[in-house]
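Trainee: So you can see what is in the structure, the chains are spelled out below.
2 protein chains.
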Amino acid sequence: MPDPLPTLDEILQGNARFRESFAWGGLDVHPRRQVAILTCMDSRYAAQPSLGLDQGNAHVIRNAGGRATEDAIRSLVLSAHALGTRGCIVIHHKKCGLYGTTNDDIRSAVTEATGADASSVDFLPFDDLEESVREDVRTLRACELFPAGYAVLGFTYDVDTGELAPVEV
Amino acid sequence: MPDPLPTLDEILQGNARFRESFAWGGLDVHPRRQVAILTCMDSRYAAQPSLGLDQGNAHVIRNAGGRATEDAIRSLVLSAHALGTRGCIVIHHKKCGLYGTTNDDIRSAVTEATGADASSVDFLPFDDLEESVREDVRTLRACELFPAGYAVLGFTYDVDTGELAPVEV
Chain A
978 MPDPLPTLDE ILQGNARFRE SFAWGGLDVH PRRQVAILTC MDSRYAAQPS LGLDQGNAHV
1038 IRNAGGRATE DAIRSLVLSA HALGTRGCIV IHHKKCGLYG TTNDDIRSAV TEATGADASS
1098 VDFLPFDDLE ESVREDVRTL RACELFPAGY AVLGFTYDVD TGELAPVEV
Chain B
978 MPDPLPTLDE ILQGNARFRE SFAWGGLDVH PRRQVAILTC MDSRYAAQPS LGLDQGNAHV
1038 IRNAGGRATE DAIRSLVLSA HALGTRGCIV IHHKKCGLYG TTNDDIRSAV TEATGADASS
1098 VDFLPFDDLE ESVREDVRTL RACELFPAGY AVLGFTYDVD TGELAPVEV
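So the protein sequences, as listed, match chains A and B.
Just add 977 to the spot in the first sequence (first one is 1) and you have the numbering used here.
Just add 977 to the spot in the second sequence (first one is 1) and you have the numbering used here.
Derived from the structure by calculation, the hints contain no laboratory data.
One should not assume that every hint holds.
Since the list gives no way to pick out one identical chain from another, each pair is judged satisfied if it fits inside one copy or across any two copies.
[Claimed, not checked] In silico SDA-like pairs for lysine to any residue, Cα to Cα no more than 20 angstroms straight-line:
(1) K1071 - G1033
(2) K1072 - A1000
(3) K1072 - D986
(4) K1072 - E1107
Using the sequences and the hints given, assemble the complete structure.
Mentor: Structure (structure tokens):
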């Protein structure tokens, strides 16, 4: 059974505990390692630590699946041109909630629970983990809004072992 | 001066160090606290720890600004209906790269560096931090794709002190 939703009081108490050992003040808005990570919203994953990067090193863009959506591209383009990043690392993971499901399944669940029509939403499910990484790496490499020499690498992540594996594209 | 972009070898070495103390195996795909956090890609911020939450507790959706975009809603709706979250916490932060800039400024920078036309991209800059939180909380509360009783709270975050402050909406 899951635990209950955090209350406002609990969030404020949790934040007070967090501040007792807070050591990240005074960092610059420009990511120190000039890189952005595009990855999934999954609760089991922590992006910068998994690459051995420190706080302040990399922008972190996260959505369902870690997909190269229009909004992820908005964020990455801003990251590059306003905040100096020169590359992006795409990471999709094993046991993802989007793996092996379909738009029809998700849309039916939404309509059953709310009565609302979700037929216009593409939830971007996928059946092949490495192929979804390749697809998103290719999308970013083909985007003309990034600076010359912008580097895009792709990886898969194993939520049970913490292992990153490069994906050749 | 920033440090250079991480190389593939450096990423793999960093990941090997990360795995030496990896303790997050075996967690469930459903976030244990039934909540999602929508926040900015800023490199200085770590979402779950700042609320006193443990790994595996909350989905984390991040984009430039932490804005309630169509893609953030895709992720949150999936989080709610496929993975059991019942609420969302919107967090925008002080010293954000999107604060006090304009679409014209960002589009000019993109075109100057690449020659490409970015006029169709709304980068979602903002001039008032609390108001941008309110706007996005209202957008999510008005969205008919979330389950009945879906809770949305808003906060600002101070990157130099680690403090979360509730925003009344």
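Trainee: If any of the earlier hints don't hold here, list their numbers in rising order.
Mentor: Hint 3 contradicted; others consistent.
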